[in-house]
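Produce the complete structure using the sequences and hints provided.
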Amino acid sequence: MTAERRRILRFALAFLPAFVAAACLYPLILPAYQRGVFAAVNTLLSSLNPVSEIRAVPAGQWQVLVHRAEAARVATYTLKSDNLALLSFFQLAMLSALLLATPVRVRERLRLWVSGIGLMFGLHVLCVAGCVYGMALVDNPKGLIFKSLPIILGPFASGLAVAAWGLLTWKYWLTPLELVANSHVRVGRHTP
Amino acid sequence: MGKRSRRKSELESPSAKPDPTIGRGKLVAKTVLLFASTYGALMTVDFLWGAETVERHMNNWTASTAAWALFLLGAHGRADANVVQSSLTTFNVISECTALYPAVIFVSAVVAFPASLAQKLWAMLGIPILVIVNLIRIVSLCFINRWFPSALDTAHFVVWQSLMVFVTVLLWLLWATRLASPHDRRTA
Chain H
1 MTAERRRILR
11 FALAFLPAFV
21 AAACLYPLIL
31 PAYQRGVFAA
41 VNTLLSSLNP
51 VSEIRAVPAG
61 QWQVLVHRAE
71 AARVATYTLK
81 SDNLALLSFF
91 QLAMLSALLL
101 ATPVRVRERL
111 RLWVSGIGLM
121 FGLHVLCVAG
131 CVYGMALVDN
141 PKGLIFKSLP
151 IILGPFASGL
161 AVAAWGLLTW
171 KYWLTPLELV
181 ANSHVRVGRH
191 TP
Chain W
1 MGKRSRRKSE
11 LESPSAKPDP
21 TIGRGKLVAK
31 TVLLFASTYG
41 ALMTVDFLWG
51 AETVERHMNN
61 WTASTAAWAL
71 FLLGAHGRAD
81 ANVVQSSLTT
91 FNVISECTAL
101 YPAVIFVSAV
111 VAFPASLAQK
121 LWAMLGIPIL
131 VIVNLIRIVS
141 LCFINRWFPS
151 ALDTAHFVVW
161 QSLMVFVTVL
171 LWLLWATRLA
181 SPHDRRTA
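Respectively, the protein sequence lines represent chains H and W. Residue numbering for the first sequence is 1 to 192, as defined by this note's numbering. Residue numbering for the second sequence is 1 to 188, as defined by this note's numbering.
Please note that a few of the clues may not be correct.
As the list claims (entries may be wrong) - Here are some, though not all, of the chain W residues that point toward chain H, as calculated from beta-carbon distances under 8 Å: (1) Leu-34; (2) Ala-36; (3) Ala-51; (4) Val-54; (5) Phe-91; (6) Ile-94; (7) Glu-96; (8) Phe-143; (9) Val-159.
Stated by the list, open to error - Using C-beta positions, here's what the derived DEER-type ranges look like: (10) W:Asp-153 <-> H:Ser-47: 48 to 58 Å; (11) W:Arg-178 <-> H:Arg-73: 51 to 61 Å; (12) H:Arg-5 <-> W:Arg-78: 37 to 47 Å; (13) W:Asp-153 <-> H:Gln-63: 19 to 29 Å.
Stated by the list, open to error - Listed next, the stretches of chain W that the computed footprint assigns to chain H, with coverage defined by at least 3 CB atoms under 8 Å from CB atoms of chain H: (14) 104-116; (15) 129-142; (16) 162-174.
Read the hints as simulated data drawn from the structure, not as lab findings. Since we're looking at a predicted model, the values are computed, not measured. Beta carbons: idealized from backbone N, C-alpha and C, even for Gly.
And the structure:
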């Protein structure tokens, strides 16, 4: 077995307990995390036109309010999925497990995890703000684009979480390939 | 030592060992940007035009294969378009239930990685693996719904969603590091 294969095996074996821990903690921190994301989203949206905001209702659904000054009305849209928060922010548990399973020293894993959580928070704010502002701009609940906007929250955010993982951990996985890629570049540039 | 002085000393003594860190930042930035662009483009295409074409067929096909798997396991599964009925549960297959989104992540990561076209095409063998893992996901959720209904939401929205992304990441790592392994063997 090559050294790279061994590292991947260590990564896979470390992922399982890391994910179990993250999945157990995730429902506990979700309410506070959602509040933090919504506060940041609403701060961002208050500076855009039309002004919109998002809030959670007691039933667990999300409500989008759009303030239309010209029509002097407030449009309200409800995102009706019962498990919206669970589904929209699960990348937090997944990314945590991926980063904590990276086969490096413990201190480095914790540093990666802190960076990853910060990055994921920013990405979640952008995704939720994008979805809400998109709804405010389209303002047609029967339209296909309006109905499809929540795709930003789950599937699109998953891709961003993978990009965040790649951005934070590439140097632990790709060193041999970089040497190969760079050696090709150097032959072209420095051959007399 | 800064980048410019490193390059200068390299030119002055060409026999010196090349610094492998030169160009690394550009390679990573290019790869991440290419991933984000490819992923964004594929999701946008699906968002605008995929609902009535690709997604509908994927949903129906996933429902059929899930029904077939449930039938083989003795759960009397049958499918009608995207609706699966069985002795365990009845459910609708939507696009998030298929392997479409993990496959889009995987394809974007393969396209972004610096490799030849032949190697990238070879990587597409990972897509059937994602489809099989997704089938296992759907069947397991049916059994969880029957025997542990209180755990269904967590299993559905957190555990299996994350595991699908993890399998996607793992498949990509196995392919990308396999491209490095001929280099490893030469230098071993």
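Please name the hints from earlier in the document that this structure breaks, with their numbers sorted from lowest to highest.
1, 4, 5, 6, 8, 10, 15
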